[in-house]
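Participant: Sequence:
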Amino acid sequence: MSRNTEHIVRALLFLSPFFLYENLTVAIALSAIGLGVIFIEKISDQLARLEWREFVFFTYLFHMLYGERAFAYTGLEPLFVTEMVIGALSLWYARDLLQVRRILAIYYLIVLIGLFFALSYIIYYRIDAIRDSLMLVYALWVPIVYHIFKRERHYDLFFALLKIFIVLKAVHYVYEFTLILLGIRTVLFEGFRFGVGYILPALIVISIFTPLRQMGWPYKLLSLMMFPAVFTMFHRSMFLGIALAALFIFFLGGRKIKINLFTYSAAGLALMVAFLAYYTVHLDFDILRFLDRKTSMEEGNINYRLISWELVMDKFREYWILGFGVGRPIMYVHSNIFYEVVNLSYFEIRRLGGNAQPHNSYLNILARFGIFIFPLFLWAVLKPFFRFAKIWRIGSRYRYEAYSRFLLLAGLLLFMYVWAFFNVVLESPHHSFPFWLAIGMLLSYERTEALKSKVVRGIPVR
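Position 149 (the sequence shown) corresponds to 1009 in our numbering; numbering is contiguous.
Note that these hints are calculated values from the structure, not bench results. All clues stand as given, with none of them false.
Pairs of lysine-lysine residues, derived as DSBU-like cross-links and limited to a Cα-Cα distance of at most 30 Å, are as follows: (1) Lys902 / Lys1010; (2) Lys1250 / Lys1010; (3) Lys1250 / Lys1118; (4) Lys1116 / Lys1250; (5) Lys1243 / Lys1118; (6) Lys1010 / Lys1116; (7) Lys1023 / Lys902; (8) Lys1243 / Lys1010; (9) Lys1080 / Lys1118; (10) Lys902 / Lys1116; (11) Lys1116 / Lys1243.
Sequences are here, hints too, so could you generate the full structure?
Facilitator: Next comes the structure, spelled out in structure tokens:
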């Protein structure tokens, strides 16, 4: 196979999963435009350099971040795409994974605890026991990611993929906007989603603030489209996560980053105000009254979280030593009625259209696994955060591009910390993946050459 042919084949394979979770028209458009970006930006060269196991991982990474839930649940339960990919990668990287590194030991322990709980309860609750245990077993992503991101070129590819993300999300945004203008799609302001997802739009917004050299101004302008796409969701945990990431970047970044924050925040807010003004006219609603209700403690989503957290903590106080266990719904709500005693399986609750997961992954794990395991989980989650100071001391002195990348990854992790506190994250494959991905990439970032100074004739290169 010639070099050009291999590049084309790999690019087509890389984009082909669009046909699994997008409608045919959108999949063709996204594939064609994505193919153009891949060759214009020479990302095809980077894809061609990957081993096949790395290629499978990066293909999964791309579509899990882009498609989120729509991609995550392709396949047949319990063998959805995540279970198939993580199983295959575990076999392909078995030699590396069996050589347990000290930095990764806590994640292996967390995975083993999850498997122990699954096996302990599988007799009673079968597949539901495995489903609940995955919130710990998915921590296996950390050692897998750690072994994949072993060289700077792997990080180069990840940040190059941001260009494709930005272009395709902008295309998707314009496509849905056009449908609305043509009257093909009905717009209800509350709950308006634009189909752009949650994690990736937030990552794109955060990336605007970091002065990555490879992200030129055309990509920055396209990225501004994500401001109205993100903020018209009125998802308060998303606001808080992005704000926390922006503050982190602001305080640890240099002068150029601070200028970026002010410039692009102002531009993004102006675009959002224009967007809201347009829809205020077309939808004829009182936005101030709407915002007042959404910030009230009596608003439905806030009430749901507070009541569900209270029920979960009641379960924790009852089973605080060994935990509530896995396989049984820890709570159940249907038609805004909460039930303290749950005698239904997950499948039965799904058929009834109810909700069985509290929107706080930390409290869910605390209640299910008990007081002795929860500190181990917290250490695994916060481990990269305690290494930030060391990376800051090294990275802020040399190679500004590499340091900007670190700030973006750290901002993504802080966003995921907040997202997991207010949403069902670690329990789901599509949201737990970016959570563990950010941890694995940050843990591996130190060992690459990215943050080390490069000397040319005795002069450190920034």
